[in-house]
Amino acid sequence: MRRFLDWYRNAGLRTKFTLHIIFSTSVVFAILLPLVLYIQKQVLLGEVQESGYRLAKVFAHSSVQAVVSDDYLVLQHIAYGISSQRRIVHAMLLTEDGRVLVHNDPNERGGRYEDAISRLAARTQEPLLQRYETPDGMHIYDFAVPVYFLNQKRASARIGISIDHELGEIARTRNYILALGFGILGLGLAWAMYQARRVTRPVQTLVQGTQEIAGGNLDHRITVESGDELGQLALAFNRMTGDLHESHQQLVVAQTELVYKTRLAAMGEIAAAVAHETRNPLGALSNCVQLLRMNPHLTGEDAEVLDIIQMETRRLNAIVSDFLAFGRPRPAHFQEVDLHELIDETFALLLRDDRCSTFIVFLRQFDPFLEKVTADRDQLRQVFWNLFQNAVQVMGEEGELGVETRRDGDHAQIVIRDSGAGIPTTVLPNIFEPFYTTKSGGTGLGLAIVRRIVEEHGGQIAVDSQQGVGTCFVLNLPLDRGSK
Amino acid sequence: MLRAQFTARPGEQVMARVLVTDDELGMRRSLAMMLRREGYQVAEASSVAEAVGHLKGERYDLIITDLKMEPLNGLDLLPLVGKYNPDCPVIIITAFGSPETRSEALRLGAVDFLDKSLETAGLLLRVREILIDKERGTTHGN
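Protein sequence lines, in the order shown, are assigned to chains R and Y. Residue numbering for the first sequence is 1 to 484, as defined by our numbering. Residue numbering for the second sequence is 1 to 142, as defined by our numbering.
Everything labelled a hint here was simulated from the structure, so no lab data went into it. Do not take every clue at face value.
[What the hints assert, rightly or not] A few chain Y residues facing chain R, derived, Cβ under 10 Å: (1) Arg17; (2) Asp22; (3) Glu24; (4) Leu25; (5) Arg28; (6) Met34; (7) Arg37; (8) Tyr84; (9) Thr94; (10) Ser98; (11) Glu100; (12) Lys116; (13) Leu118; (14) Thr120; (15) Ala121.
Yeah, the Cβ is synthetic: ideal placement off N, Cα and C, and Gly gets one too.
All chains should be built: construct the whole structure from the sequences, respecting the hints.
Shown next, in the form of structure tokens:
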């Protein structure tokens, strides 16, 4: 029993449903079947008994006169008459000692029955009913009624009625009920299966959903359309998964940002440390070059060597400055800045730079109503300088550098477009990474500095590039920013 | 250009005494050389202690000191200058200075706080300006 209970506890819903149906159907029919059969038997056999007794009594009464007068012909006539009734198997009169006075089968007359049933029937003082089965399988109700004349028993009137018909009826009824029972059981089982599936399918969907989500697929949603408890559960589950997904995403974003910032800080520290230590020797080198330049006896080639040293020293210094700007940025000093003025200023610086080809066209399209932004002027100049310089470098001998300003919601938007070769799509996501460079001789810090400054100003920078067409940087700087 | 302008009247600057303090040999030597070529009389010190030694013995018209030195740094030199050679202006130079150290230096009495940039012309110009101001007896500011 305990083992069954354990098994039942672990069984699936479908098995439990099936068991319940079988159990309840069986109980109903276990009660119903015997009850119906009992009632039917009572009714059917009761009728047989009643009519049997009545017939036997009629037989007894109508035979009294003839028995007394020993009128065989009348008796035979009565016996025939009785046995002509439906399902009467036999009709006879027996003496006390079992001798056959008359029988519907004339050949039996004068014979003597010695069997137990006949003996009981012959000797009975009261109406008697006996039941037996003939050797050929016929079920008989045997009625015996004593024939009295002047309070003296003269014979027993005995008739046999076949009850096979009634038994057949009962058996048929039993079969019907059983068939009905099995039918209902079958239907019940089918219904149980269906219900079990209806219930278990959403449950299974839920289970699969939880497994899917536990496996890390937070995009998964459970589709249970019913409005019942399971549907509500699915709804709640989806909501929970949604929340989980959201917080997970926030976590991932926060983590990515943290990792990025930590890495940036670490890189900045190293860059600054290296740069700091490099500045002194660089300064000394530069001083020495200047000292040597004062020598009036320098020949042509030596002068050129000095030029090269000076040029390379400047380049080294530029790298060091980048490292320092990236690693140890000056704290921002916020003030009102006219973007257009600053852009023009940076343009002017660029035009003075001998690395900038004279065949590069500058286009500016300024929104005259654009408000000033609150920013660190020097840092913002650095942003424009780095972006413009990059553009000029990638365009080489000739090209177009366009700068457009406009208001975009509560942001000032600056679009810087060049007609350079464009940046390959594979490279595009990395260009703001520190030390990422595709230029020979670049530090890979220019755009990292740009990004850091823009983000420190509460703005964003995005890039879009098409190879062979050009690159476009879009800067968004907040307009309503109060000074820090 | 600048040099030509200021060396046009050499008599004014000759014999102005400048003390260069820097623990970086290359920087100190090269800077001293440049200043000498500008016509100044230059003494060199590789530490604050050495600089103080110079100050005890002689008077200087200007001190240029590096900020980052061990064990004492450029800022530590400022009160010592006030003690041994008052009225001597001090320019602090550094490879990389933050606005905080800059204001700290000016608060402690430095006359200027400059980055060690590659172009020494700016430094030389400031030196000349400060010396002229000093000679005229005006106060120095920036």
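Results for each hint:
no.: 1; hint: Arg17; result: violated (20 Å)
no.: 2; hint: Asp22; result: holds (8 Å)
no.: 3; hint: Glu24; result: holds (5 Å)
no.: 4; hint: Leu25; result: holds (8 Å)
no.: 5; hint: Arg28; result: holds (8 Å)
no.: 6; hint: Met34; result: holds (6 Å)
no.: 7; hint: Arg37; result: holds (6 Å)
no.: 8; hint: Tyr84; result: violated (27 Å)
no.: 9; hint: Thr94; result: holds (9 Å)
no.: 10; hint: Ser98; result: holds (7 Å)
no.: 11; hint: Glu100; result: holds (9 Å)
no.: 12; hint: Lys116; result: holds (4 Å)
no.: 13; hint: Leu118; result: holds (4 Å)
no.: 14; hint: Thr120; result: holds (6 Å)
no.: 15; hint: Ala121; result: holds (9 Å)
Consistency with the previously given hints fails for numbers 1, 8, ordered from lowest to highest.
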